Amino acid sequence: MKKLVALSSLILVMILGLSISVNAQAKKKADKDTEDFVYEVEVVSVGTQGTYLIKVWSYSKKPTVAINQAKKNAVHGIIFKGFAGKQGVPGQKALATPEVEQDKKAFFDEFFDDKGNYNRYVTSSGDGDVAAGDVMKVGKKYKIGVVVSVNVSDLRKALEEAGVIKGLGSGF
Amino acid sequence: MKNKLISLFVSALLLAGAFSAFSQAKKPTIMVVPSDVWCNTNGYMFEFDNQGSKVKVADYKTALQSNAELLLAISKINELMAARGFPLKNLESALKTLQDQAAEDAMLTSKGGAEVNESPIDKLKKVAKADIWMQLTWTVNQTGPKKSVTFNLQGLDAYTDKQIAGASGTGKPSFSAELPVLLEEAVLAHIDNFNVQLQGHFDDMFKNGREVILRIKTWSSFDGDLTTEYDGKELNEVIDEWVKENTVQGRYSTTDNTENMMLFEQVRIPLQDANGKAVDTRGWARNLQKMLKEKLQLDSKLMMKGLGQAQLVIGEK
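Residue numbers (our numbering), protein chains in the order written: chain S, 1 to 172; chain Z, 173 to 489.
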């Protein structure tokens, strides 16, 4: 009996460990995807003053990882990618150039860390609920669209104060 | 020893402060104005007879006094630009200042009874000024019960006449939203793209110098013209060489060159001089005026239009 309990505990620990490791791997892959721009940003509508309301499509084998990565991808997209417009809503250009991404790599590594400051400038709309049509299976991965609101005004100000991007009045 | 160190530290701080004060370039002023098309469509125009031909001029004062939507759009743009660290000159305030100043000048006398000097040119120059105009146009489109706003914001350099930034588009049609809401949405949707282009213009200015215009003319009292030779070189050659030597990477184009006038366009002047002091077109053209006086003993009168246009009339002051 004792043997059986010990064996089942061991199996439970192994399953738990495996699951944590799979999740960690999926998270790591998601971070790599963010760096490699493997996500899509789509405009939803004109946000309130200083904000953009966008839908971010993220990819992962684990749907929860894709949903959680959406906020990071949204801020990354606003800083480095920008987004195209659609009828009635103009697109926006990226806040920083690709050169800035290289020059300030240390800053951005810290900024996009899981506990980094990127989280201050983004909120998920509707508590991160995903509409039924926004979950798709693409090969072995899930493609999930999450609507988020990015406070571009504060984000830009923070990047300007950190000397990462230039302000409109800088140099004068 | 301690005192010496402290005084050295203070001197270094003062020097750094002075340097940073000098190393700032002169900031262009920006003002939002409604476009002529908008003023004409909405009936805010003056019409006067100019030697037989009817000329229409935008009546900003009446527009600002009677159109609340215009005031809202201007105020929203001003607010968003101030939030970006670039406060704009306000058209309504500028017009009021001009009016107050004119009234004050008319009443101003010295203790001895003298009036303020004002030439016809001074009078002509008494208009609202900015280095960059943000020209605003919008039209309301109506399809059945649906309304949408077509919005156009143009950034125009007052001196080179170039459009340096722009953002335009038609917003989403709406059944219920009122015009002020649609207008506010349009401003919010377009201002960031406009600012990206404006930033691009400023970056180019910092890299390649400020783009200005220089006009050379001669007074009828001038004994000679621009083809008169000085030490084997025609006067226009001397001026051309000076411009070449004093522009960033020798960048300029001589658009017109006759015996009476020269027009230099796309002249790229440095934002700072060799000592790190901010330079505007007046300061830059003043050096040409000095060179003509010192080397060729020629007097000239230097006139300015904002940060970007200079006119030097040779012959006398």
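Treat the hints with caution; some may be incorrect.
Stated by the list, open to error - Think about it this way: if two alpha-carbon atoms lie no more than 20 Å apart in a straight line, the pair counts; the simulated SDA-like pairs of lysine to any residue are: (1) S/K93 to Z/K198; (2) Z/K198 to S/G169; (3) Z/K248 to S/D134.
What the hints assert, rightly or not - The following label-pair restraints were derived from C-beta to C-beta distances: (4) Z/F347 to S/K105: 25 to 33 Å; (5) S/R120 to Z/Q421: 52 to 60 Å; (6) S/K105 to Z/F218: 36 to 44 Å; (7) Z/S291 to S/R120: 42 to 50 Å; (8) Z/K489 to S/K105: 23 to 31 Å; (9) S/A131 to Z/S425: 39 to 47 Å; (10) S/K105 to Z/D208: 46 to 54 Å; (11) Z/G372 to S/G139: 53 to 61 Å; (12) S/K105 to Z/L267: 44 to 52 Å; (13) S/Q25 to Z/A240: 54 to 62 Å; (14) Z/F220 to S/R120: 54 to 62 Å; (15) S/M136 to Z/T213: 30 to 38 Å; (16) S/M136 to Z/V312: 36 to 44 Å; (17) S/R120 to Z/S247: 26 to 34 Å.
FYI, nobody ran anything at the bench for these hints, they're computed from the structure.
Since the structure is predicted, the reported quantities are computational estimates derived from the model, not experimental observations.
Just so you know, even glycine gets a beta-carbon here, dropped at the ideal spot from N, CA and C.
* To do: Check each numbered hint against the structure and report the violated ones by number, ascending.
  => Numbers 1, 3, 4, 5, 6, 7, 8, 9, 11 and 15 - these are the hints that the structure violates, sorted from lowest upward.
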